[in-house]
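As given, the protein sequences belong to chains A and B, one line each in that order.
Under the numbering used here, the very last position in the first sequence is 118; numbers go up by exactly one each time.
Under the numbering used here, the very last position in the second sequence is 1118; numbers go up by exactly one each time.
What the hints contain is simulated information worked out from the structure, not anything from laboratory work.
One-sided and incomplete, this derived list gives chain B residues near chain A with beta-carbon spacing under 8 Å: (1) PHE1035; (2) GLY1043; (3) LEU1045; (4) PHE1047; (5) ARG1050; (6) THR1103; (7) LYS1105; (8) TYR1106; (9) THR1110; (10) GLY1111.
Every value quoted in this text rests on a predicted model; they were computed, and no experiment measured them.
Just so it is clear, CB atoms sit at the ideal spot from N, CA and C, and this is done for glycine as well.
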Amino acid sequence: EAQVTQNPRYLITVTGKKLTVTCSQNMNHEYMSWYRQDPGLGLRQIYYSMNVEVTDKGDVPEGYKVSRKEKRNFPLILESPSPNQTSLYFCASSPNSGRARGWSDEQFFGPGTRLTVL
Amino acid sequence: AQKVTQAQTEISVVEKEDVTLDCVYETRDTTYYLFWYKQPPSGELVFLIRRNSFDEQNEISGRYSWNFQKSTSSFNFTITASQVVDSAVYFCALSETPRASGTYKYIFGTGTRLKVLA
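Same shape as in the complex, but just chain B (with noise of 0.2 Å):
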C-alpha cells in the first residue's frame, strides 16, 4: 500500500536557522511522483514543487531546496535561513503510476508544522 510519513509534527526554530522536513514514503509502484506543498496560516494549498522517481536530481529554489533518495525512500525539504513568513504547514504527497483503469490517486502525509520565531 501507497503510504507517506511525515514523523516531525511540529518544529520551531528561530529566525535564520536552518531547517529540514523529513518525507519518508512507500510504494510498490516503480514509477511514482512526489510533490511538496505549503498551507500557510490563511489555509491555501500552495503547490511547491513535483519530482518523479526516475529522476533523482536534486533541486534548489531561493532558500528551498530538496533532496530526494531513492535508497532511503526519502523526499526530503530544507528551508535555508528560515523566516517567519516560512511558518505554515508542509504537505508531503505521493501519486501512483495509473491503474489499468487509468485512475491514479494522491496520498498526503499528515504535515509538519512549522513555526519560525523571530
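The shape of chain A in the complex, shown without the other chains (with noise of 0.2 Å):
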C-alpha cells in the first residue's frame, strides 16, 4: 500500500531532551515536507526537500533540523525541544514529476505525530 508512515505517533518529552520523528514513503517520491499545524494558524511548512542530500527551510525552520539522505526518509529532528514546539506534526511527499508538464502534483499526507514538550 502506497504510503506515507511517521513514528511515533505520539511524544510527550520534556525540555531539552532531544528527539527524532521519524518519516518514511514507499511512492519513491521526489518531494518530501515537514509541515506543523496549530490551532488558528492552519499548516505551516517548517523545512522541505525536492530530493537526496537537498533541503531547504520553509517558513517556520527555527528549531529544527532535517536530513534527507536516503530517498524514503526525512526525520525531523528537535536538537532542544521547547515548549512552543507543542504541536501537530505532518510529513508529505509529492512525485514532482509534473512540474515539467504544466502542474503540481499534490501531496501525499502522513497520519500526523502530537508531540507535546513540558
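Make one complex out of these two single chains by using the hints.
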C-alpha cells in the first residue's frame, strides 16, 4: 500500500531532550516536507526536500533540523525541544514530476505526530 | 510574499444547504498552483483538487465545485447539498513557481472548519 508513515504518532517529552520524528514513504517520491499544524495558524511548512541531499527552509524552520540521506526517509530532528514546539506535525511527499508538464502534484500526507513538550 | 487567506474560521450549516468556502491568495508569480485539502475529524489530510494559474476552468466533481478567478485572486470551493460527512476542516494552499534553484514551497491558509448539522 502506497503510504507515508510517521513515528511516533504521539510523544510527550521534556524541554531540552533531543528527539527525532521519522518519516518514510514507499512511493519513490522526490519531494518531501514537514509541516506543523497549530490552532488558528493552519499548516506551516518547516522544511522541505527536493531530493536526496537537497533540503531547504520553509516558513518556520527555527529549532528544527532535517536530513535526506535516502530518498524514502526524511526525519525531523528537534535538538533542544521547547514548549512552543508543542504541535501536530505532518510529513508529506510528492512525486514532483508534474512541474515539467505544467502542473503541480498533490502532496500525500502521513497520519501526523502529536508532540507535547513539557 | 506569498499568502493564502481563508477568512472564514468556522461555518455551520444545516444538512442539504449549499456552502461556499472562500480562499484568497497573494502571489507575484505568474505561474502558480492552487490546492484544496480536507481534514476530517479523524485528522488525516486528503487532497481534493489542484488548479494551475493558467487554467481558469471551473471544475465540478459530484457535489463539489471550484471557482477559480484570477481577477480577484480567489479559488472558492462550494459544496452543494451538504452532508454530515462533509464536516471537516478545509485548507486552501498555494505553491509557487520554482526559484532559480529549482525549489518551491507550499503555503497553506489557516483553514475553515465546516460543521454540517443533521
